[in-house]
Amino acid sequence: MNNPERRILVARVVGAFGVRGEVKLQSFTDPLKQVLKYQPWILVHQGKETEVGEIRARETNKGLTVFFPNIEDRDAAEAMTGAEVWVPRSRLPAPKAGEYYWIDLEGMQVNNLEGVDFGKVSHLFNNGANDVMFVQGERVRLLPFVMDDYIKSIDFDAQKIIVDWDADF
Numbered sequence: 000m001n002n003p004e005r006r007i008l009v010a011r012v013v014g015a016f017g018v019r020g021e022v023k024l025q026s027f028t029d030p031l032k033q034v035l036k037y038q039p040w041i042l043v044h045q046g047k048e049t050e051v052g053e054i055r056a057r058e059t060n061k062g063l064t065v066f067f068p069n070i071e072d073r074d075a076a077e078a079m080t081g082a083e084v085w086v087p088r089s090r091l092p093a094p095k096a097g098e099y100y101w102i103d104l105e106g107m108q109v110n111n112l113e114g115v116d117f118g119k120v121s122h123l124f125n126n127g128a129n130d131v132m133f134v135q136g137e138r139v140r141l142l143p144f145v146m147d148d149y150i151k152s153i154d155f156d157a158q159k160i161i162v163d164w165d166a167d168f
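Here the sequence shown stands for residues 0 to 168, where the numbers follow numbering that gives the first Met the number 0.
Incorrect hints may have been included.
[As the list claims (entries may be wrong)] Just the calculated beta-carbon pair ranges, DEER-fashion:
hint: 1; residue 1: A93; residue 2: Q45; range: 30 to 38 Å
hint: 2; residue 1: Q33; residue 2: E4; range: 37 to 45 Å
hint: 3; residue 1: A78; residue 2: E50; range: 12 to 20 Å
hint: 4; residue 1: T49; residue 2: A157; range: 17 to 25 Å
hint: 5; residue 1: D165; residue 2: A75; range: 48 to 56 Å
hint: 6; residue 1: I102; residue 2: E58; range: 22 to 30 Å
Hints were generated in silico from the structure; no laboratory data involved. Glycine is no exception: its CB is placed at the ideal position from the N, C-alpha and C atoms.
Whole structure, please, built from the sequences with the hints as guidance.
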């Protein structure tokens with residue numbers, strides 16, 4: 000399963016649920032059950048990749064629980080803790096206007112309004128208040144990903160993001 004297409008981490012197994020082989024899944028999609036639409040999944044666990052499909056799931060008051068094929072008891076489910084669920088980027092729908100998949104921003108060049116080269120987007124994360132771009136250049140800059148306030152334009156054709164940010168900050 001050596002596919003060079005970019006993949007997106009959409010969920011992670013965080014533990015066993017019950018005694019019938021269900022696992023607790025931390026879904027990174029909104030809503031949580033949206034993750035089920037991207038099957039088959041590429042399950043990465045302990046250095047091995049497995050494609051899995053026909054996943055059954057249900058929402059509980061503690062989140063999303065999932066039945067994987069061939070996982071039939073609590074011990075087997077517990078052994079899956081830490082497994083990551085990845086999907087090819089192409090399986091996701093096109094983002095709505097003004098919305099972006101973080102993976103599509105990674106690698107883009109970042110310049111400020113004065114044309115100063117800040118480097119490239121390494122990755123993004125959420126700090127609880129807003130999304131943040133980790134930009135690696137001659138030094139690391141953490142830039143709030145707030146459209147209009149700090150992010151002035153995103154040009155996918157030119158692979159460039161223009162920001163309103165002081166080069167000395």
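Here's how the hints hold up against the structure:
1. A93 and Q45 have their C-beta atoms about 34 Å apart, which keeps the hinted 30 to 38 Å range intact.
2. Roughly 20 Å separates the CB atoms of Q33 and E4, a value that falls outside the hinted 37 to 45 Å.
3. In this structure the supplied range 12 to 20 Å holds for A78 paired with E50, their Cβ-Cβ distance being about 19 Å.
4. Distance hint check for T49 and A157: the Cβ-Cβ separation is about 38 Å, which falls outside the suggested range of 17 to 25 Å.
5. The hint said 48 to 56 Å for the Cβ distance between D165 and A75, and at roughly 54 Å that hint holds.
6. A hinted range of 22 to 30 Å for the beta carbons of I102 and E58 is consistent with their spacing of about 26 Å.
Hint violations for this structure: numbers 2, 4, all remaining hints satisfied.
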